[in-house]
Structure formats: structure tokens, C-alpha cells
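S.K.: Respectively, the protein sequence lines represent chains A and B.
Number 192 marks the last residue of the first sequence (numbering that gives the first Met the number 0); no jumps.
Number 453 marks the last residue of the second sequence (numbering that gives the first Met the number 0); no jumps.
Quick caveat, the hints were computed from the structure, so don't treat them as lab data.
There could be a bad hint or two in this list.
To be verified - Dumping the calculated DSS-like pairs for lysine-lysine here, alpha-carbon to alpha-carbon at most 27 Å:
{"no.": "1", "chain 1": "B", "residue 1": "Lys188", "chain 2": "A", "residue 2": "Lys64"}
{"no.": "2", "chain 1": "B", "residue 1": "Lys2", "chain 2": "A", "residue 2": "Lys165"}
{"no.": "3", "chain 1": "B", "residue 1": "Lys380", "chain 2": "B", "residue 2": "Lys285"}
{"no.": "4", "chain 1": "A", "residue 1": "Lys31", "chain 2": "B", "residue 2": "Lys52"}
{"no.": "5", "chain 1": "B", "residue 1": "Lys285", "chain 2": "B", "residue 2": "Lys257"}
{"no.": "6", "chain 1": "B", "residue 1": "Lys380", "chain 2": "B", "residue 2": "Lys390"}
{"no.": "7", "chain 1": "B", "residue 1": "Lys40", "chain 2": "A", "residue 2": "Lys64"}
{"no.": "8", "chain 1": "B", "residue 1": "Lys2", "chain 2": "A", "residue 2": "Lys31"}
{"no.": "9", "chain 1": "B", "residue 1": "Lys175", "chain 2": "B", "residue 2": "Lys227"}
Stated by the list, open to error - Where chain B lies over chain A, by a calculated footprint (3+ residues, C-beta under 8 Å):
{"no.": "10", "segment": "87-95"}
{"no.": "11", "segment": "180-189"}
Stated by the list, open to error - Pair by pair, the computed Cβ-Cβ distance ranges are:
{"no.": "12", "chain 1": "B", "residue 1": "Ser19", "chain 2": "A", "residue 2": "Ile74", "range": "31 to 37 Å"}
{"no.": "13", "chain 1": "B", "residue 1": "Thr144", "chain 2": "A", "residue 2": "Gly164", "range": "18 to 24 Å"}
{"no.": "14", "chain 1": "A", "residue 1": "Asn50", "chain 2": "B", "residue 2": "Ser319", "range": "21 to 27 Å"}
{"no.": "15", "chain 1": "B", "residue 1": "Glu195", "chain 2": "A", "residue 2": "Gly168", "range": "26 to 32 Å"}
Model, not experiment: these values are computed from the prediction.
Beta carbons: idealized from backbone N, C-alpha and C, even for Gly.
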Amino acid sequence: MYTQRNDEIVTGTGLELLIERAKSDDTDAFGKLYDMYVDRIYRHVYYRVGNAADSEDLTQEVFMKAWQAIGRYRITDTPFLAWLMRISHNLIVDSYRKKKRDESYLDDDSWIIDSAPTPEEAAELGYDRRRLRRAILRLHGDQQQVLIMHFIEGFTYTEIASSLGKKEGAVRVIQHRALTRLRQILEKEKDVR
Amino acid sequence: MKKIADILALCLEDIASGRSTLEDCLEKYASLRQQLEPLLKIALSIEAPGDIKPSAAFKVRTRAHLLEEIHARRAKAKWWQTGFVAGAQRTVRFRWSRAAAIVVAVLLAVSAIGGGTAYASQDSLPGDVMYPVKLGTENVRLMLTADDASRVRLKLAFAGTRLQEMEALADMGSDKISVAISGYQHNMKAAFVETEQLEGEDASASLSETVALAVSCHLPILCRIEDKAPEEDGEAIERAQEMIGERQISVLRILAGKNPVRATEIKLDVMQHWLERADVALTEAKIGGGEMALGQFVALCECGNEIAQCAHGSKDGFNSIDEMNMQCTSNHLAMLGAIYKKVPADMKESVERAMRLSAEGYCRASSSLLAAGMCHNLPEKPQLSDDIPVKVRERILDNLPCETTLPEETPGSNGPGGGGSAPNGQLNESQQSGYAPWDVPPPCPSSAPGQHEV
């Protein structure tokens, strides 16, 4: 649990400067922001949609939307990566809507690679990554986003709160509800088996 | 007193930072143990996926495409601002802004006649100063085209322009090919999406045929460019081929609903292309390219069954479809036999599957012709190359849906020996030679303005 955040390649004023340049229509600066964040956004999208083709399309769209909206981005409000994640979330939700009830993405387990827990670890914890991912993707809206941003992407509650436009306390409540719901989904799944 | 949501968050933070363990936390909040324990365990099980990264080719391509789009939008915005209404680009859908666009376009056209900027930009390539102007001109043309079908045709034309740029850049050894590849994919994707959206409308038959034919024409050109482009661009071009190949199937399905004979002709033509491509790739030990081409062939085999069903449903032209399928499948099987010999052991199963699907299609067509009282002089069962091991041949031919008996002749039926449209027999010779090219490939459309410019 908890991914180490390593997005601060360009920190503080360096990052701010790049963002300010991008806001003043500097494509080179935006290209640098793209280079910094494309891997993280792709990975986030891939976790949620489960296949390379859709992940590539959506990642491209995220940066196109980001360019269109960067004039409205305010550095003090929310970290840049969290802002990009919010754009990703909205696009993914739209894409789900377009696909309506197509849930094939839930079954795509190709993202599971060698670092999956050993059978002993899985047995001890009772959940494996495949089942957990499936269950997380069954959560709705903010619940899914809070769990992914916190546990997968390593954001703090403050950052998540600013990204979602909520208070920190509300984010903790959403997290509690999300984990409770996740438990219900996993228990139900166990019963069916 | 703290809420359970806050306690849960606190515990998670303490455990993550190593300040306490799961057990420490549960002891500290013993009264909440029952509620906290399962939630904490679930939370601690959530892990980030492993080392998932986009491919380098994707990153380069997307970066190029983003910057290309940004330049194009900027160029467009500048034109708008030189018109009557500053900022009109955000509201182009309104009538007044469309009128403004027409005025701007007229100004542009006048400028072009006088050897102006827009005209001068038309020969530019990615990386040239004038290239954004060229893209901007295309955007204006799209904006001024209200008819959906015409927009699709324009996008195909722009995709054709990107192909020309790709080839010119590959010949120059430029490092900007990815920009043109990205633009090509962008236009083709848009053409596919809009064609799919028009399904059911009057224009959909001719439009789906135009788009499907454009793919057939573009594929050999893309192969040619792939062969001379640097390796990284080559991969991106291969993915572009894969994308248009996959999307062509959905367009063929639309066409099959209106004109199954034409859909079959195009499908068989492109199947031939994929087999030739697989053969070349595998001869050059390009396993990835061979696999991709073979995968596309298999997908078209599967789509072929649907097209045949469309034809049988419409009672229109199904005999000629069955005949075409049988003739071409004989060639496909001969080519697959040659490919089978070249592929590494782990790919033989894929080739076997392709042969099995082809053989099934052959049998279905043969049975259908016989059931309709039509005769043909091709073997009733598909013939496989002697180079294929006996066991594999047995597996492929086992339980095929081949009907080997003719129905009884009824008065007026077009039975065996009657006036059925028997093929000319050349294909039996072709089969023996193993590599006969398909006799009459459907022609590519002429490069009329507004259609494929390549």
C-alpha cells in the first residue's frame, strides 16, 4: 500500500515556472510537463480501464484537455498532478458512460505482473490484487477516486481534498465508506464462490 | 470523541509511516476492533500495479500529436482573431461565427490565389515553419463543411496527405515522421467514428465503402513507408496499420448490411494483403509484424462469416459471395501452408487456427452452393499443402461443416451440370502452384478531389 510519490522531479519554483510558462502559451514548457507526468497519468488510467489501447487514447485526451484548461489552473489550489488526475477521472467516467454497461475492463487482468503477492501473502490478507482491483472498480465516483488517489497514487488527504473540492474530513469519511463498501463487495463475492 | 473515519485514517497513516503495527492500532482502539480490523486489512492489501509504463513510441507519438494540435489550434485562433470576432473560436457552432468563418475563408482563398501564405504552406512538412498553417487550413475546410459525409471524405483526404508527408519524411531520413503518423491516425480515427455514427443513414453504404477502400489503399503504402522508416517510427506505423485494420472490420460490417458482395470483395482483397504481409515479415524474421498481420487475417475470417450471413439474409448475391470465398480461400490456404513452414514453433498454433477458420469458411461456402443447387469445380473439401504435418492436417480437417452430397434436382433448379456459374478452373492450377495471386483485386478508388489523395 501507499505508492512513493516521485512526481516532484521539478519542484517548487521550478515546477511553478514551467506551469506559468505553459499558461502563457509556451508549448515547450507544456511539452516538459507532459514528459514529467505522462507515465503517471498513463498508469493511473491503465489501472482503471485495463487495456493499452483505451489507456493511450485517454492519456492523450487528458493532456489535450489540460492544455485547453491550463489557463484556469491555479498553483495554490491543488498540486498539478492531482489536477491532471481529476481531468483523467472525468474522462474515464465519460468513457464508462459511453460504453454503458460494458464491464469487460473489469476482467482485464493483464496489468497484474510478477510483483503480485505470493499465495501465502494473499491468503494471510485474504484478498489478492486481481479481486481488489475488480472490487475497487465497482465502487462509484468519489469513493473509487479517493481510494485510488490515496492508496495507489500516494496523495495525502489534503491533496485529494483540494483535487475533489472537498474538506479533508469529508475525504476521510468517503475513504471509510469506500473501504466498508469494498468489504461488502469482497464478502459477497466470497459467498458466491 | 473521534469518528471512526478519522481513527481509520490515523491508523493507516501510523502503519504506513512505521509508527505502529496493525495489532498496535487494534489494541489502542480495542472497542472498535471488530469494525476496524477488516477495513484495515483491506486497505493494507491495496497495492499499486507494478511497473506499467506507456511505450516509448506512444510517448513520442502523443507528444508530437499534442504539439501539432496546439499549433493547429493556435493558427486557427489567430485567423479568427484577424476576422471580425475575437475569441470566436470557442463558439464556432453558432451561426454568426460560421458566417465569420466563411468571410475569413474567402479572404484566405483570395490570399491563396495571390500566392499567399495558406497556399504556400501546402507543400510544407512537419517541422517546417509553415506546417501549422497547413493544418490550420485543413481545420478551416473542415469547419466550413456542414455535411457529415463530406467531412468524412475530407478527413480521408487529410489522412492521405499525412501519408504523403510520412513517405517524404522517410525518404529524407527526417526525425519528424511521428508527427505525420499521429496526424494520420487522428484523421483516420475521426473518419471511422463518424462513419459508424452515420450507420443506418442513406449515405452510410457509399461512405463505408469509401472508408473501407481507403484502408485497402493505405495499407500497402504504410507497409512501404514502414520498410524505409527508422525502427521506432516503424513500430508506430505498424500500430497505425493495426488500428486501421481493426476499424476497417466495423466499417465492413456496415457495408455488408447494404452491399455484402462489395464488402466481400474488399474483405478478400485486404485478407490477401495481410497474408502477403505476414509472409514478408516472417521471411525477414519480424515476428511481431507477422503476428499482427496474421491476427488481422483471422479477424477478417471471423468477420467473413458475418458478411456471408448478411448476404444469405438478404438473398442477394450470396452465390457469388460463396464462389468468391471458395476461390480466394483456396489461395489463402496455400499461402498459409507456406507460412506454416516459416513460423517459429510457438506461432504454429496461430497459423493452424487461421487455416482451420479458412477451411471452415470454405466448407460453409461449398455447402451453401450445393444446397442452392449450384455446381462448382473446386474440391468439396479444402485442400491443404502436403508440407503440413499429417496430424496437423487431420486436426484442421476434422469435423468440418462440409456437405458432400448434392440435393436432388428439382425442375427449374440450377443443379449440377446446369447453368450454374462455375469458375473457370484456373484456381485449381493456382492451388497447385501454391502462390497464385488473387485474380481480380477490386480497384482502389481514383484520387478524385475530396477522396483519397494517395
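S.K.: Straight-line Cα separation of B/Lys2 and A/Lys165 no greater than 27 Å?
M.R.: Holds - the C-alpha atoms of A/Lys165 and B/Lys2 are around 18 Å apart, at most 27 Å.
S.K.: Quick check on a hinted range of 31 to 37 Å for B/Ser19 and A/Ile74, using CB atoms only.
M.R.: 35 Å Cβ-Cβ, so the 31 to 37 Å window holds.
S.K.: Is it true that the CA of B/Lys380 sits at most 27 Å from the CA of B/Lys285?
M.R.: Since the Cα atoms of B/Lys380 and B/Lys285 sit roughly 33 Å apart, the hinted pair is violated (cutoff 27 Å).
S.K.: Can you confirm whether the C-alpha distance between B/Lys188 and A/Lys64 stays at or below 27 Å?
M.R.: 18 Å, holds
S.K.: Quickly compare the C-alpha distance for A/Lys31 and B/Lys52 to 27 Å and report which way the hint goes.
M.R.: Holds: A/Lys31 and B/Lys52 sit about 18 Å apart, inside 27 Å.
S.K.: Could one say that the CB atoms of A/Asn50 and B/Ser319 fall in the range 21 to 27 Å?
M.R.: At roughly 39 Å between Cβ atoms, B/Ser319 and A/Asn50 fall outside 21 to 27 Å, so the hint is violated.
S.K.: Given the hint that B/Lys2 pairs with A/Lys31, test it: the Cα-Cα distance must not exceed 27 Å.
M.R.: Roughly 43 Å between the alpha carbons, so the hint for B/Lys2 and A/Lys31 is violated.
S.K.: Test coverage of the segment 87-95 of chain A by chain B using CB-CB distances below 8 Å; three residues minimum.
M.R.: Not satisfied, violated; 0 residues make the cut.
S.K.: Given the hinted pair B/Lys285 and B/Lys257, is their alpha-carbon gap at most 27 Å?
M.R.: 38 Å, violated
S.K.: Taking the Cβ atom of B/Thr144 and the Cβ atom of A/Gly164, is their distance within the range 18 to 24 Å?
M.R.: 40 Å, violated
S.K.: Against the 27 Å threshold, does the CA-CA distance of B/Lys380 and B/Lys390 hold or violate the hint?
M.R.: 17 Å, holds
S.K.: Take the segment 180-189 of chain A, compare each residue's beta carbon with every beta carbon of chain B, and decide whether three or more fall closer than 8 Å.
M.R.: This one holds; 3 residues, not fewer than the three required, reach chain B with a Cβ under 8 Å.
Violated hints, listed in ascending order, are 3, 5, 7, 8, 10, 13, 14, 15; each of the other numbered hints is respected by the structure.
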